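2 protein chains.
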Amino acid sequence: MAYPKSFEELMECFKMLPGIGNKGAERMAYHVLEMDQSQVKRFSDALIDFKKNIHHCKICGHICEGDTCDICSDPSRDKSMICVVESPKDVFAMEKLKEYHGLYHVLGGTISIMDGKTADDLNIDSLFNRIDDMTKEVIIATNPTREGETTALYLAKLLDAKGVNVSRIANGLPVNSSLDYADDLTLLRSFEGRKKI
Amino acid sequence: MAYPKSFEELMECFKMLPGIGNKGAERMAYHVLEMDQSQVKRFSDALIDFKKNIHHCKICGHICEGDTCDICSDPSRDKSMICVVESPKDVFAMEKLKEYHGLYHVLGGTISIMDGKTADDLNIDSLFNRIDDMTKEVIIATNPTREGETTALYLAKLLDAKGVNVSRIANGLPVNSSLDYADDLTLLRSFEGRKKI
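The listed protein sequences correspond, in order, to chains A and W.
For any residue, its number in our numbering is found by taking its place in the first sequence, counting from 1, and adding 16.
For any residue, its number in our numbering is found by taking its place in the second sequence, counting from 1, and adding 16.
Just chain A, with the same shape it has in the complex (with noise of 0.2 angstroms):
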């Protein structure tokens, strides 16, 4: 016995979705089942409007409703530092310190042999073309992982022959962690960027 086609649709659709299996998309579907009509429109509209509203801003690749992101066009922003992050959730991640008051640049992800993705499918042209006299710095703040750390890597090189000057977000001990929970390669690096106290 198979489920209603409507039903079986609506599955479909929340399995599009990412960590949502089978037996979630099925729960998901009874839950809807349930919801009044006018809570099962406004998730509708929601969609609707999302896809309709949200780009990425034209100058840095973060998310914003208009054009331009609300960093880009904010007159108050340090206009000589521009952090080059993977994803709009790091830009989010780092204003939530409220310690960094320069631009931001979004990747959209990270070169990655495995997933098949290449410079070219990232967002490096237009970083480039922001670049001009007034940058004084770009902090690259790519995930430390595998393929953060390429990334990382081929941006340097590229903006190191550009004469730029170019940082990375330093790799350490977490704060609060202990040193014999920590990896080889963690303490290693943060044995190696050891400062003077």
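Hints are computed from structural coordinates only; laboratory data are not their basis.
Misleading hints may appear alongside valid ones.
No copy is singled out in the list; a pair is fine if it fits within one copy or between any two copies.
[Unchecked claim] Below, computed lysine-lysine pairings styled on PhoX-like, alpha-carbon distance capped at 20 angstroms:
hint, residue 1, residue 2
1, K21, K39
2, K68, K21
3, K173, K68
4, K211, K173
Here the structure is a predicted model, which means the values were calculated and not measured.
Using the hints provided, position chain W relative to the given structure of chain A.
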């Protein structure tokens, strides 16, 4: 820094789904950002179509696209037996066996003091309206949980007073399980329910 309005709204909608918290909703919204326009449209339409087309069967409470479900409108089903279950999911589970050829009745939950659900909130009146001279047996197949058992006992009493043959699905050890992993109550029920071989 806050997410754009349409982004927040979609996250709120995802959070209405069971098991989806802040992080999950965020991850899903980012995924929708990368989806094609046509895929998002499909998802949005699927929600509306689902709500428009999927109803509870007027006879048994199972889900269906028309007024009555495939089982109730199938003339080859054995009309002398009604299997009472908690939810449409249970009908699909039973049907997978291809062993039972009678009818179903979906209660839409169980009596649960914790959730403030009484017998009046369940599909019970319609069950009694269905029972006639043709009905030879009502099998109560609510889950073997505290709520399921309470509901089963409640129904059994009422059905018994009406002179209907009532049975309950068996408790015992799951096939391929081991005795020393079984909880006490399951083992006790399995022992009490022993049969001559």
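Query raised in the report: Of the hints stated earlier, which fail here?
Result: Per hint list: 3, 4 violated.
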